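Order-wise, the sequence lines are chains A and B. So that you can map any letter, position 278 of the first sequence is 278 in the working numbering, and since no number is skipped, the others follow by simple counting. Offset between the second sequence (1-based) and the working numbering: plus 1000.
Any given hint could be a false lead.
[To be verified] Think about it this way: if two alpha-carbon atoms lie no more than 27 Å apart in a straight line, the pair counts; the simulated DSS-like pairs of lysine-lysine are:
1) B:K1031 to A:K159
2) B:K1094 to A:K160
3) B:K1063 to B:K1031
4) A:K160 to B:K1147
5) A:K160 to B:K1031
6) B:K1081 to A:K159
7) B:K1147 to A:K159
8) B:K1094 to B:K1074
9) A:K160 to B:K1081
Don't read these hints as lab results, they were simulated from the structure. Fair warning: this is a prediction, and the values are worked out from it, not measured in the lab.
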Amino acid sequence: MEVFVQQVFNGIMLGSTYAVVAVGLTLVFGILHIPNFAHGHFYMLGAYLTFFLVTSWKIDFWPALVLSAVLLALLGVLVERIVFRPMRDQPHVNAFISAIGTLMFLEAFVMVVWGPQGHRIPNPYPETVNLLGVVTTQQRLLVIAAAVVLIVLLHLFIKKTVMGATIEAVAQNREGAMLVGINVDRVSSVTFAVSAATAAIAASMVAPIFMVSPTMGALLGMKAFIVVILGGLGSVPGAIVGGYILGIVEALGGGYISADYKDVFAFGALILILAIKPTGLFGKEVG
Amino acid sequence: MGSNGAGKTTLFRTVAGVLKPCRGTIEFQGKQIHRLSPDRIVSLGLSLCPEGRQLFPQLSVYKNLLLGAYTRRKEMSRVRKTMEWVYELFPVLKERRNQPAGTLSGGEQQMLAIGRALMSEPEMLLLDEPTMGLAPLVVRRIAEVIKEINRAGTTVFLSEQNANIALMITERGYVLENGRIVLEGPSPELLENATVKRAYLGA
Ligand SMILES: Nc1ncnc2c1ncn2[C@@H]1O[C@H](COP(=O)(O)OP(=O)(O)OP(=O)(O)O)[C@@H](O)[C@H]1O
Ligand SMILES: [Mg+2]
């Protein structure tokens, strides 16, 4: 029982990261109608920038995180502008190739600047906490809390602000959005900024717990992609629920069976859910 | 007026800025608009209620209308007044204001599309086949509302295959064939025109 509770807790922590990163991916999917394969690499770069600011510039953890999020927002805008926008009226495969080019560029950039080896951000809150029998660290609790705060803020942004409404409008009917006077280019920029910034925050939160390395983006990007399919393409609630499910499945599988196979459980869950419900948990038929 | 494939929708979408013309110019209130983006054109006071409606299906009726006023989002008190007027024109929209637009009937969706286009308070409203596929009763209601919109001071530019309705509620008519105007004149005269009668009124 104790192992079970401990593993569920670990799963929620892993799932917090997956959920936040997947929401960003699904928002961009709604706008572009293709997945941004470089999303995991935004996450990776976000972690590296926080690492750099904390270790080289000696900035405190929180300001470093905010700065990293702002820089990633700018990078998101830039990537949308020069990588995806020119591909908009082209076959989707062109945007796929552009995205892959972008992720290779980002990975190579990090490799050149910081080297292929892993790095560690000094943990700002390493004290252990005993929470109802679960032994954990403050930083792990913060990862979970930060994800909840981010998800609530994103929800309020999308549902309660005009700018959020324009993101939904463009996702649901691009031409309709143009005809009511929405500047679709600006909405694309904002969506990329939000998506990249939230990925940077999620990455910076877990970076003190795990290592940062140039390849961390590829695996996480793949998992976020699984989550988005699991939850239903373009669905925000689906991405959130899917993220936590994936985290818990991985942690339980890893804890009870073997940690070496935890990614097998992740992909297994994907295959199972898609076999039962091909449009994903919250999926609608794409109209 | 024009039969299937005459080029009505293409003309309207070009005026609204969704399509760009290869050549020629489009002027609105003395200003060339054919190089402007659709959102700039809406801000100038020209709004298109498109064929196929192009609503936001998962957003509520209310939010669809609110987004229709996107270019006026800084003047919320006026927006609320316009919304009241739209609800007066189509009371059913008020009843269903919290329902997702995609769950409305075809006629209600058309009303919402017209309402949404009115929310930007256009000087000129382009309506592309607003009666297509609707029951006679709904068609009559929409025809009344079009006249009402016009009385309230908005120029209405209507595209129809239903020539009877179109000529009854408009002042001037233009017949489009293969993308060109082949006939134009005051609507009552076109209603009596032998060619129009043969080709569009089924007489
Ligand atoms: N000015 C034009 N130049 C070249 N092609 C055109 C032009 N106008 C229309 N077309 C073509 O004609 C076809 C039908 O046009 P459109 O959809 O505008 O017709 P419509 O009058 O709206 O028909 P419907 O009554 O069926 O809605 C389309 O394939 C369109 O690309
Ligand atoms: Mg048409």
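Hint check results:
At roughly 37 Å between alpha-carbon atoms, K1031 of chain B and K159 of chain A are farther apart than 27 Å, so this suggested pair is violated. For the given pair, K1094 of chain B sits about 20 Å from K160 of chain A by alpha-carbon distance, which is consistent with the 27 Å threshold. The straight-line distance between the Cα atoms of K1063 of chain B and K1031 of chain B is roughly 32 Å, outside the 27 Å bound, and the hint therefore fails. For the proposed pair K160 of chain A and K1147 of chain B, the alpha carbon gap of about 35 Å is over 27 Å, so the pair is violated.
About 36 Å separates the Cα atoms of K160 of chain A and K1031 of chain B, which puts this hinted pair outside 27 Å; it is violated. Restraint check for K1081 of chain B and K159 of chain A: satisfied, since their Cα atoms lie roughly 23 Å apart, inside the 27 Å limit. Distance restraint check for K1147 of chain B and K159 of chain A: the Cα-Cα separation of roughly 36 Å exceeds the 27 Å cut-off, and the hinted pair is therefore not satisfied. Only pairs whose Cα atoms come within 27 Å are accepted, and K1094 of chain B paired with K1074 of chain B is accepted, the gap being roughly 23 Å.
Restraint check for K160 of chain A and K1081 of chain B: the C-alpha separation of about 21 Å stays at or below 27 Å, so the hint holds.
Checked against the numbered hints given earlier, the structure breaks hints 1, 3, 4, 5 and 7 and satisfies all the rest.
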